[in-house]
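Colleague: Using the hints, position chain B against chain A.
The listed protein sequences correspond, in order, to chains A and B.
Quick note: the first sequence, position 171, residue 171 per this note's numbering, numbers continuous.
Position in the second sequence counted from 1, then plus 409, gives you this note's numbering.
Source of the hints: derived by calculation from the structure; they are not laboratory data.
The C-beta atom is built at its ideal place from N, Cα and C for all residues, glycine as well.
Any given hint might turn out to be false.
Computed cross-link-like contacts, DSSO-like style, restricted to lysine-lysine with a CA-CA straight-line distance of at most 30 Å [what the hints assert, rightly or not]:
| no. | chain 1 | residue 1 | chain 2 | residue 2 |
| --- | --- | --- | --- | --- |
| 1 | A | 117 | B | 465 |
| 2 | A | 66 | B | 465 |
| 3 | B | 465 | A | 132 |
| 4 | A | 183 | B | 489 |
| 5 | A | 92 | A | 183 |
A short list of chain A residues far from chain B (calculated; beta carbon distances all over 10 Å) [what the hints assert, rightly or not]:
| no. | residue |
| --- | --- |
| 6 | 66 |
| 7 | 208 |
| 8 | 293 |
| 9 | 374 |
| 10 | 387 |
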Amino acid sequence: MSLKRVVITGMGAVSPFGVGVGTLFEALLAGRSAVRSVPELAALGGLRTRVAALVPELDGKEIPRKFRRSMSNMSIFAVLASQEALAQAGLKEAEWQDGRTGVAIGSTIGSTRATEKFFTDFFLDRSLERMKSTLFFQIMNHSCAANVAHTFGISGRLLAPSAACATGCQAVGFAAEAIALGKQERMLCGGADEFHPLTAGTFDVMEAASIGYNDRPQLTPRPFDRRRDGVVCAEGAGILLLESLDAARLRGAPILAEVVGFATLSDPTSIANPSAKAIVTCMRAALDDAGLAPAEVGYVNAHATATEQGDIAEGEAIAALFGDRVPVSSLKGHLGHAMAASGSLELIASVQMLAHGCLIPTRNLEEPDPACGALYHLRHQEAAARPALLKNNFALGGVNSSIVVRSMA
Amino acid sequence: MTDQQIIERINTSLAEEFELDLQDMTSEANLFTDLGLDSLDLVDLVIVLEGAFGFKIREQETVRQIRTLEDIHRFVIDKKRSLERTA
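Next up, chain A with everything else stripped away, as it sits in the complex:
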């Protein structure tokens, strides 16, 4: 069976820098940090981190109430990002409603804020009498995918992968496979998540949240740096419109890049700590899928969240496969870790790097940790030398994912 080629024709972002891919990329080019103090985190007993990267207040009311009533913030982010992606792709409503467009958008879990709201009321008297009918739609795991599909009237297949921090990357990969197999002509895909103190708490409990820079939020997280001390949680949505190359060419769509390889696998060695060996296997599988040798890749966008063990495992793996010849950076130092949205937001930024011919360095990387391997760390902006890049994302639970995209210019 011959597979169809898959291209990216639209991208949309809601990030801690604000709404829009342009806003995101401009901030990254300027080397800014979206991390800030969140003093209200002090209200939670046992939570030590006081920093996060939050989406600036936005007006979701441009989404009609009929659709917005079933949305928590993560779905609002996903809808706004989808709107931008569809607009950039120049797709018409009749085209995305023709039954050949699908949705693959995931989040870590449903809205924790909505879940908290329900249980806060429920535990008053263990009564369901005050439960609003729309609350469930914010709590269900496929909330973002369903809300996007309903808002835009998309009637193709609906996927809602949920693999924590690998979700966004997986969603793009699964969407690309659906198109490659000819099951759908186009897919809106990516990840979305909203911040809740319990998300930061999850990492803090495992000694993996950044707690040493509460008074200097802009200095954390510090991917691959010797003084890194953990994850800084963020939120947002990154949504891409993928299409078959044939369909994109037929309607004269702008082609931003081609998705040429994808791999995802389970790493059963530990539910919490990734192994370098499994990461090498995943990256190699993605390159094989793309038909590329490591030397043909011009940039690796690392997952690198600034945890002690995660950065070491990924650094060792990248060094084993690519040596010290391929530039590597992580965008967590600018953006924090947007959980399910991180993969797709960072992929969008990476595609922008190819388009602008400019690779963005790792923010807050001052003294590379030699334990993370002998890597070609990007410390300053550099010109992109080759048109292909590989993007990694890994998740608690032992989920690895890697995606390879190539500029078509």
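Modeller: What follows is chain B alone, placed relative to chain A:
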């Protein structure tokens, strides 16, 4: 509460919950065709009224027959008066 006060409380509660414009909320306005509500909204409408007036109406058959804003006004006023008489 006077009937007028009850009507005002109903209208402001529903306007807030369903983002309605008070100017559109005439007595004869149909909840579905004029104000754009649907069956899910009707479930929440009951919860809003129960919260605003402190009574239980979910199981009452009359609730299912509500179509206009005036139906709600009359239903709530009757319910309030009935509860006052039995108090």
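Colleague: Find the hints from earlier in the document that the structure breaks and name them by number, from lowest to highest.
Modeller: 4, 6
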